[in-house]
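2 protein chains.
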Amino acid sequence: MALFTGYAKTLSLSAWLFRILFPSPPVLPRMTYHLHYWPTIQGRGEFVRLALEEAGAPYVDVARGDPDDGGGEAALMADIGAHDHPSFAPPYLVDGDRVIGQTANILLHLGLRHGLAPRAEAGRLWVNQLQLTIADLVAEAHDVHHPVGMGLYYEDQKDEAARRAKEFRAQRIGKYLGWYETVLEKAPKGGWLTGEDLTYADLSLFQAVEGLAYAFPHAMKRLAPKIERVIAVRDAVAKRPNIAAYLKSDRRIAFSTEGIFRRYPELDPA
Amino acid sequence: MALFTGYAKTLSLSAWLFRILFPSPPVLPRMTYHLHYWPTIQGRGEFVRLALEEAGAPYVDVARGDPDDGGGEAALMADIGAHDHPSFAPPYLVDGDRVIGQTANILLHLGLRHGLAPRAEAGRLWVNQLQLTIADLVAEAHDVHHPVGMGLYYEDQKDEAARRAKEFRAQRIGKYLGWYETVLEKAPKGGWLTGEDLTYADLSLFQAVEGLAYAFPHAMKRLAPKIERVIAVRDAVAKRPNIAAYLKSDRRIAFSTEGIFRRYPELDPA
Chain A
28 MALFTGYAKT LSLSAWLFRI LFPSPPVLPR MTYHLHYWPT IQGRGEFVRL
78 ALEEAGAPYV DVARGDPDDG GGEAALMADI GAHDHPSFAP PYLVDGDRVI
128 GQTANILLHL GLRHGLAPRA EAGRLWVNQL QLTIADLVAE AHDVHHPVGM
178 GLYYEDQKDE AARRAKEFRA QRIGKYLGWY ETVLEKAPKG GWLTGEDLTY
228 ADLSLFQAVE GLAYAFPHAM KRLAPKIERV IAVRDAVAKR PNIAAYLKSD
278 RRIAFSTEGI FRRYPELDPA
Chain B
28 MALFTGYAKT LSLSAWLFRI LFPSPPVLPR MTYHLHYWPT IQGRGEFVRL
78 ALEEAGAPYV DVARGDPDDG GGEAALMADI GAHDHPSFAP PYLVDGDRVI
128 GQTANILLHL GLRHGLAPRA EAGRLWVNQL QLTIADLVAE AHDVHHPVGM
178 GLYYEDQKDE AARRAKEFRA QRIGKYLGWY ETVLEKAPKG GWLTGEDLTY
228 ADLSLFQAVE GLAYAFPHAM KRLAPKIERV IAVRDAVAKR PNIAAYLKSD
278 RRIAFSTEGI FRRYPELDPA
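In order, the protein sequence lines correspond to chains A and B.
Heads up: the first sequence runs through residues 28 to 297, numbered per the working numbering.
Heads up: the second sequence runs through residues 28 to 297, numbered per the working numbering.
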């Protein structure tokens with residue numbers, strides 16, 4: 028009863044009425060999430076890891092576990108098709124009886140549960156739009172080193188990759204990050220993509236900037252003066268206590284020439 | 028009052044209780060949607076057009092209108108950046124004071140409003156996942172004819188396109204449509220991707236199959252026996268009264284070598 032009174036004090040009558048008319052979705056009991064993703068790369072799974080880490084949510088990165096305990100890459104391949112709602116590709120997240128695939132879709136689910144997205148529908152759709160545009164950028168960043176076939180090695184498509192990288196460096200990176208700069212410029216005060224509150228889209232923008240800076244350090248250095256607000260989001264995310272701890276931990280896999288963002292010096296001349 | 032009684036008769040006590048505890052989002056007054064997309068191609072905008080047409084929703088395809096009435100491509104380019112929530116690229120939909128970009132995000136919005144997605148959150152996420160996988164397929168289908176640069180003409184990357192098309196025909200089309208076949212096989216009875224009720228993901232699967240059949244007729248003919256359930260969805264969508272009427276109307280733009288799905292005979296040998 029004391030708790031109830033304390034809670035009531037913080038809400039005006041109209042806020043109470045609003046809650047009765049439009050209650051929040053029921054909050055599920057907190058369980059350990061199971062994230063299924065390739066164990067040796069950041070890849071698309073990293074966007075999910077960052078959200079889970081920022082939220083301080085308990086999760087198991089299944090394929091990074093010991094094969095004797097049901098972990099490892101073989102377990103991932105065996106598990107992915109074994110659900111009523113199979114995923115086309117990793118990452119996918121198991122949350123109780125829900126199996127959710129597609130990075131942006133997983134984040135839509137997590138955002139609502141962990142305060143990483145606005146509660147109101149219009150705000151959630153906007154954050155989803157910001158995330159889907161990151162997804163487009165990520166797909167293009169991958170295509171730079173695999174323009175003519177994802178089943179082929181980079182070494183078998185180096186000339187084509189050089190052609191594609193040229194356009195990506197000269198036009199696409201600036202177009203994408205310039206768009207986020209405009210979004211930040213138009214946003215309400217606060218410094219995050221939606222203004223005052225951090226959302227998972229800010230975490231994803233951090234990851235995109237980190238990946239691009241790893242793979243295209245020269246192009247990013249030239250672009251930096253034009254995207255100061257974007258860089259500020261990157262810096263602010265890196266300083267979040269949970270994210271800072273994560274980045275220093277061995278749970279953070281290093282960038283490499285196996286992932287989406289790859290540093291091939293010939294694709295980013297000085 | 029008569030209306031109220033009639034409504035009450037159709038609901039059990041527990042259903043009433045459920046509605047009180049978890050009411051549906053408020054239904055907005057029906058307004059005319061404004062769809063902003065390139066005026067001469069199906070492209071990504073077509074997934075939105077199909078949902079609007081199936082729903083019988085009033086909409087204006089803005090850039091297809093007369094420039095004297097605020098239509099045309101120049102109007103699209105002027106409008107896209109003029110919003111607080113600008114879109115990175117068309118399509119975007121204006122619904123009252125909401126401006127929503129990214130195809131899958133627009134459909135998430137429309138699905139809930141027009142009964143083209145389940146009301147329950149888990150079901151909506153699953154349909155979103157089905158849609159996002161179509162989006163991945165669409166991006167790859169586009170990359171087939173533009174592997175080394177979207178700013179270049181196809182004629183400047185024909186050799187690279189031929190390499191990429193080979194893998195796309197031999198592996199990727201079958202992997203994607205085979206996955207939808209599995210989804211249909213695992214779904215509850217009813218023939219649609221989620222079972223009994225058509226969702227916007229079924230409309231999008233129709234469009235993907237139509238596009239692939241236009242661009243890769245030989246590859247699709249070979250694949251057809253392995254994806255009978257997918258073909259059945261295509262056929263069932265084509266027979267929906269609103270869709271059938273739309274496909275016969277001049278609102279349906281023809282496939283061409285300007286859009287995402289392009290027929291270049293050299294990319295699909297017999």
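Hints listed in this document are in silico derivations from the structure and should not be mistaken for laboratory results.
Because the structure is a prediction, the values reported are computed rather than measured.
Please note that a few of the clues may not be correct.
[Stated by the list, open to error] Quick list of in silico lysine-lysine cross-link-like pairs, BS3-like style, CA-CA up to 30 Å: (1) B/LYS193 x A/LYS185; (2) B/LYS253 x A/LYS193; (3) B/LYS266 x B/LYS216; (4) A/LYS185 x A/LYS216; (5) A/LYS193 x B/LYS213; (6) A/LYS185 x A/LYS213; (7) B/LYS266 x A/LYS202; (8) B/LYS202 x A/LYS185; (9) B/LYS253 x B/LYS275; (10) A/LYS248 x A/LYS193; (11) A/LYS185 x B/LYS185; (12) B/LYS185 x B/LYS213.
These are the hints, each one checked on the structure:
1. B/LYS193 x A/LYS185: Given that 30 Å is the threshold and the Cα spacing comes to 18 Å, the pair holds.
2. B/LYS253 x A/LYS193: Violated: B/LYS253 and A/LYS193 sit about 40 Å apart, past 30 Å.
3. B/LYS266 x B/LYS216: holds (19 Å)
4. A/LYS185 x A/LYS216: Judged against 30 Å, a Cα distance of about 44 Å means the pair is violated.
5. A/LYS193 x B/LYS213: violated (44 Å)
6. A/LYS185 x A/LYS213: violated (40 Å)
7. B/LYS266 x A/LYS202: Roughly 41 Å separates the two Cα atoms, so the pair is violated.
8. B/LYS202 x A/LYS185: holds (26 Å)
9. B/LYS253 x B/LYS275: holds (29 Å)
10. A/LYS248 x A/LYS193: holds (16 Å)
11. A/LYS185 x B/LYS185: holds (17 Å)
12. B/LYS185 x B/LYS213: Status violated; Cα separation ~40 Å.
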